[in-house]
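*Asks:* So you can see what is in the structure, the chains are spelled out below.
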Amino acid sequence: MIWVDTVLQGVLLGGLYALFALGLSLVFGIMRLVNLAHGDLIVFAAYLILMLVTLLGLGPFVAALIALPIMFGLGWALQRVVLNRVLGTDILPPLLVTFGLSVVLQNALLEGFSADSRRIPAGWLETASLPVGPISLGVMPLLTFLSAIGVTLALQFIFYRTSLGRAFRATSDDPVTASLMGVKPASVFAQATGIAMVVVTIAALYLGTRANFDPTTGPARLIYAFEAVIIGGLGSLWGTLAGGVIIGVAQTVGAQINPEWQILAGHVAFLAVLLVRPRGLFPRAFD
Amino acid sequence: QGSPVRIGYVSPQTGPLAGFAEADAFTIEAFNRIAAEQGLNVEVIVKDSQSNPNRAADVAQELIIDDGIHLMLVASTPETTNPVTTVAESEGIPTISTMAPWQPWFIGQQGNPGDPGSWRPFDYAFHYFWGLEDVIAVFTAMWDQLDTNKVVGGLFPNDADGNAWGDPNTGVAPGFAAAGYETVDPGRYQNLTDDFTAQINAFKAANADIVTGVVIPPDFTTFRNQASQQGFNPKAITVAKAILFPQSVETLGEAGHNLSSEVWWSANHPFTSSLTGQSCAELARAFTDATGRPWTQPIGFIHSLFETAADVIKRTEDPTDPDAMAEAIAATNLDTIVGHVEWNGAGVPDFAAQNVCKTPLVGGQWRRNDDGTFTLVTVENSTAPDIPTQGEMQPLS
Amino acid sequence: MSPILSLHDVSKSFGALTVTDGVTFDVPEGQALGIIGPNGAGKSTLFNLITGGLSPDAGRIEYDGRDVTRVPPMQRCLSGIGRSFQIPQPFDRLTVFENLLVAATHGRGLPERAVEADCAEVLERTELIHVANRPAGGLTLLQRKRLELARAMATRPKLLLLDEIAGGLTEGECVALVDTIRRVHAEGVTIVWIEHVLHALNSVVERLLVLDFGRVIGIGEPAEIMASKEVREIYLGIEV
Amino acid sequence: MAAHYTVTTRTTASQIAAAAALVLLAVAVAVPFIASRSLIQDLFFILTMLTLAQFWNLLAGYGGLVSVGQQAFVGFGAYMLFGGAILWGVNPVAGLLLAGVAALVLAIPTAFFAFRLQGAYFAIGTWVVAEVVRLSVAQWKAVGGGTGTSLPRDARDAMWGAGWIEGAFDVRASEARDILTYWLALALAVATIGGIYWFLRTKRGLALAALRDNVGAARSVGVDSERMKWVVFLVAAFGTGIAGGLIFLQNGRISPDSAFSVIDWTAFVIFIVVIGGIGTIEGPILGVLVFFALQTLLADYGAWYLMVLGALGIAVMLFAPGGLWGLLSGRTGVQLFPIQRRLNRHD
Amino acid sequence: MALLETRGLTAFYGDFQALFGVDLTLAEGETVAVIGANGAGKTTLMRSIAGVIRQALGMVRFDGREIGAMAPDEIMALGIAMVPEGRKLFPSLSVEENLLMGAHRRKVAGPWRLETVYDLFPILKERRGQPGTALSGGQQQMVSIGRALMSNPRVLLCDEISLGLAPVVIRDIYAAFPRIRETGASIVVVEQDIGQALKVADRVHCMMEGRVTLSGRPEELSREAIHDAYFGAAA
Ligand SMILES: Nc1ncnc2c1ncn2[C@@H]1O[C@H](COP(=O)(O)OP(=O)(O)OP(=O)(O)O)[C@@H](O)[C@H]1O
Ligand SMILES: Nc1ncnc2c1ncn2[C@@H]1O[C@H](COP(=O)(O)OP(=O)(O)OP(=O)(O)O)[C@@H](O)[C@H]1O
Ligand SMILES: [Mg+2]
Ligand SMILES: [Mg+2]
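Chains as they are written, first to last, in my numbering: chain Z, 1 to 287; chain U, 1 to 397; chain L, 1 to 240; chain V, 1 to 347; chain R, 1 to 235.
None of these hints come from the bench; they were simulated from the model.
Small disclaimer: the values here were computed from a predicted structure and weren't measured.
Using N, Cα and C, we set each Cβ at its ideal position, and we do this for glycine too.
Hints may be right or wrong, so weigh each one.
[Unchecked claim] Covered stretches of chain R (chain Z as the covering partner; in silico rule of three or more C-beta atoms under 8 Å from a C-beta of chain Z):
id: 1; segment: 20 to 26
id: 2; segment: 100 to 106
id: 3; segment: 195 to 203
[Claimed, not checked] Cβ-Cβ distance ranges computed for the label pairs, FRET-style:
id: 4; chain 1: Z; residue 1: PRO278; chain 2: V; residue 2: GLY195; range: 48 to 54 Å
id: 5; chain 1: R; residue 1: THR183; chain 2: L; residue 2: GLU171; range: 39 to 45 Å
id: 6; chain 1: L; residue 1: ASP67; chain 2: R; residue 2: THR183; range: 56 to 62 Å
id: 7; chain 1: L; residue 1: ALA176; chain 2: R; residue 2: PHE16; range: 15 to 21 Å
id: 8; chain 1: V; residue 1: LYS141; chain 2: U; residue 2: ASN333; range: 37 to 43 Å
id: 9; chain 1: Z; residue 1: PRO278; chain 2: L; residue 2: ALA117; range: 40 to 46 Å
id: 10; chain 1: V; residue 1: GLN15; chain 2: U; residue 2: ASN32; range: 36 to 42 Å
id: 11; chain 1: Z; residue 1: TYR160; chain 2: L; residue 2: GLU171; range: 50 to 56 Å
id: 12; chain 1: Z; residue 1: GLN156; chain 2: L; residue 2: PHE14; range: 26 to 32 Å
id: 13; chain 1: L; residue 1: ASP67; chain 2: V; residue 2: PHE112; range: 26 to 32 Å
id: 14; chain 1: R; residue 1: LYS107; chain 2: V; residue 2: PHE112; range: 50 to 56 Å
id: 15; chain 1: U; residue 1: PRO395; chain 2: V; residue 2: PHE112; range: 41 to 47 Å
id: 16; chain 1: L; residue 1: GLY30; chain 2: V; residue 2: GLY195; range: 43 to 49 Å
id: 17; chain 1: V; residue 1: ASP170; chain 2: U; residue 2: ASN333; range: 48 to 54 Å
[To be verified] Once the Cα atoms are required to be at most 20 Å apart in a straight line, the calculated SDA-like pairs of lysine to any residue come out as:
id: 18; chain 1: V; residue 1: LYS229; chain 2: L; residue 2: GLY15
id: 19; chain 1: V; residue 1: LYS141; chain 2: U; residue 2: TRP343
id: 20; chain 1: V; residue 1: LYS141; chain 2: Z; residue 2: ILE257
id: 21; chain 1: U; residue 1: LYS204; chain 2: U; residue 2: LYS235
id: 22; chain 1: V; residue 1: LYS141; chain 2: U; residue 2: GLY114
id: 23; chain 1: R; residue 1: LYS107; chain 2: Z; residue 2: ARG161
id: 24; chain 1: V; residue 1: LYS141; chain 2: U; residue 2: SER118
id: 25; chain 1: U; residue 1: LYS314; chain 2: U; residue 2: TRP343
Please model the entire structure based on the sequences and the hints provided.
*Replies:* What follows is the structure, encoded as structure tokens:
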């Protein structure tokens, strides 16, 4: 029974990691942009929600709803003003610029909010649970996981059922030819980053209600997000979700064997998957 | 009027440990004022460790080499005290250190912590705080006030504190056992873990009524939530570090009510400052007046650090002579705002007697007020009866 | 004469697209073979298969009496296969001379000292000596094409593969380049040359191979091949 | 009248630079005789960061291997030095070699794994490997596990040469150790720069430059790209490991978090290289000076210091991708470490 | 008045000059062929018109407007669509999605919709759900042409649509041209397949080394003249 519980909790944890990863996956898949500031952007969004909650006295979900368009605009501007200028075949410029951004963001938050660890209050939801047979599952982790599925479905819809999604894929395949179709790659990329920031905001909501965060919380989670994206396969959204779940389950199972191996087990699962499938579990057929 | 005695002070003013350094500016400002009044020619040079042990070692070197300090003061968790003490000791600079249990401070600085035969005392480094034996006494006394099955689940991370507390031989478990408590320790975990299912399952399986440990705040929140979600409701949760500051407890909301921890200093302590003559309550109020923030435990200790420094400097013939200064520290006999400081070896094993002095420790519990704020209430004082209690230990929920 | 290069039933596909389709032919040592065919016929792909840049899906490639089908590119180069690229691929940030030095030292496994004079000589012959110390990124098209040739020659190949080396050049430039190639050939180097500029090609090669849709549709005397109705139709698309 | 040719790599600037370098080196060796201890420590910091930067530059700037996991080699090397001293009584100075070899050994499985990945995957892959090493070392109880440990006093006092310096310079033991580690850092930095410069002037170095420009073409002229990658990766790991050992030898204390800090040993190093100018030997030298100047000027401003550093990195990438040295040499054409072979004609 | 016009068009790749003062005019409803050997600069000309290679002001006019300095997406919004060399289908899009991409920006009413494109190339309707790259070369070319038509362009630029295709397939593709012309679009075809080019074009320009060396109506041009213009005089 303990093992069933362990795996189930791991799956739910995977939902959180998948939420961290989905925005990254979107940006990585469309622009090959390795965004090292992703974790800090999540923390930034968490502070934004927290401010809305404390200043306006809103519930966390309503606050997140208000934060969504703000974050979209921020992402859009970030891509337009900064990141579009460093896209290219060389991975170093975006790596460095986003790392610089991460450092700036982290320290700006530190200046603005101090190092105190904070939390978005979610009231009774924080400790609520749902009994499933002999196992008791937290309502928040369940919501997190369902949101991860929801976000995956929504992104999947945008990607494969809308003309914007078509433009995403076309531009990702070949920006020059896409521009011959009337697509403005710079603006398509900006919209993609905007959407990624929407996902970031959702991730921030669950990160911020689950545990304390402080300005330095971002990078520690970034690596899990990358792992989820990579073992899922470049640009595969369901793959990213699966990747998150694999990391989550590996961590809980590792911890069940010995808590010392918890985080290590997640990394080892990542290495093992890549050793067998260097392009991830669900790679695209080409490129 | 010669050149001033230079005091170097390293603390984590920024980064995750910044809460410990909250009262730095307030304290140093007061210290400088009093020193001027008393005609003490001193200069305090403050460096920020940024909560980073590497940086702490670097700034310690800067203080010693660039600023030519005569006395090093350092506080706040082994991550800060240990690198600074190590540097100062090897440079032959007298050091007074506090706010880290003495075991991680003393043993943690030994080359091979696993081999007691190789441990050596320090020539210039002096530390005052409490030790694990005090935590054991206070915690078990608190639990004794409740009706439990005496099974304790332990949360010990793989860091300096966690390894010291969790060590099966020198940690808390043998002491708990002596007091009749059985410890369930699933093993060290890494800080910033996102999931505690394994620990919760282990505690459930052992039917633990009590949880203890030395946990960083984000991890404790994760644990506390998951425990509730997964239907694990112990009668007492008594942890160090995580619920040190009222802000950390507030983030837990209702789940923070009646959490308990060790108390090393409070506005309620019956001591007075040798420097300002303030009582604990007065010091706490002065801090709140000056900063608008509630008092926290480190305030007293930072204050006492400078009290001790002033006392030592007054007693040292030639403060520029490190050996004379070290001798003066060793000869300290001072009543401070955190209690009596004297390196006389009382209550400390022989190997550390020369370098470690202990201050009193009691137990407290956070009580949630109607407006969502929390108050720390002293509930256990059997190891330091002169510190009054304000209530009785209550079970969770 | 024994063949220095022979392909047996070599095939290669990219996904559903078969680009090389059961190609079989021999190149006798010392001969110059021309390859013609429409755009996309698979000519460059054939070169990539011979040099090892791509590996075939089926078939066998023999060079100098050895099966080299699975031998990595750098070893094929060491054993004497040199090539030029259709789209010049200079090492942009190296000088022209250094471009040749890389080829000569690694392509022949010799130390730098031993090949410096040789590289200088190749530069003279390919009329690049006056730009020897310029970064290759700044060369004109003709110079790039010459550099392709020079770099291939610097490996002292026994078999030299040239891919549209005359394309895009003016008549005068073309004549000069052809002259150089002819002299290399005269020294006994076997040449396989893909070219659309037929008059240039025909003034050098002894045999012509026509490729269409990855298949060899004719091989033989240039005059004979050029005369064949099939070739004219496919190649020029004009009904004659 | 056949013309004959010679090949040279020297330029006037490089000859002046070489002369200046010799003088500078002499001064650097003599620094402990004249300078204050704080200057010696600053120079130690500069030299070790420079060494790390040069190796990372060799990897990324020349080898195209953008690794975000160099902290694995810093930390592993340093831990082997501590482990050697604590458990097996290896003299810390000899331990430096052990640090290098250990990092080299670690690099073999790392490369085996990471070379299967390309571009961004490679970068993330190396980072994860470094995390795995960090977490594994954190379980090595004999050297303190997650707590970390200090270099035992016996080992510290036994450092070869420290006793002699103590006597010769008439200084305290701690200062003598600083001088010793400074000289070691100087030797390491000089050997690193000299070694890399020498390597770039060999035919392998030329091949590396060719690979950087065009992999396909390089392979077609006989360059063994796989082997070049291995050589570069292993050499960088070896040097990085020694530098790591040296840094923590001077520091005296080690913990997994400090030894495997991605910020300190990789991110800052990347900043140094990129701000200075990637793909040149001069770049990291310039970069480390800028980095040090910034740190000295702004260290007291806490978070602001890092914000400025981050913003500077972004600005350089956006407006001067060639780094400061790129700007400088682009304007003036100056090269202090010329590797270009020039063909000179003599009739 | 000419619908599309280039005046003294030049183009560079770095230091290399690929076009030397090319003049080209295209009247409303007209079909012009550009022929020439490899590397003559035909593709460069097309890309310059479409905006992929940015031009100086004053070199390209369309419908009375300066478009030389515009971005490709703006130019296409005005009604110039391109069938690029090498088809350039989007590999992660299905056939139908590829077609829809053509109307991504320019959504004007006109003769070309999904249904009419499927009428023109019925085979595509059968394959609508497959990834574009799974098709044969000829079918891919049909998708590429259909994709350009979806925007109901006023000018259609076709770059080597017969490249790498079998003669029968080429014939099939060119069979669609009369229907395209009927809708009133002006067309520029770039071809190496001279026979096809001559069949569909009202006027022909022959390019060599970045210059137009010969122009005229197909019936006016002798085979020898074309041959010379194509391969150079010394053949
Ligand atoms: N790596 C590849 N992946 C997919 N398709 C390819 C690849 N390389 C070549 N092709 C395709 O294979 C076919 C043959 O290409 P190749 O370059 O061999 O032709 P070619 O005869 O050299 O033509 P040209 O005269 O234009 O140089 C083309 O349709 C091309 O698109
Ligand atoms: N991206 C580029 N960089 C450098 N030179 C180029 C580039 N693209 C084309 N060229 C050169 O410009 C000249 C004209 O090329 P272009 O592609 O316009 O010719 P084309 O007539 O379309 O030839 P093809 O029949 O092969 O398609 C050629 O010499 C070519 O080598
Ligand atoms: Mg070709
Ligand atoms: Mg073309």
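*Asks:* Which numbered conditions among the earlier hints are violated in the structure presented, ordered from lowest to highest?
*Replies:* The structure breaks hints 1, 3, 4, 10, 15, 17, 18 and 19; every other hint is satisfied.
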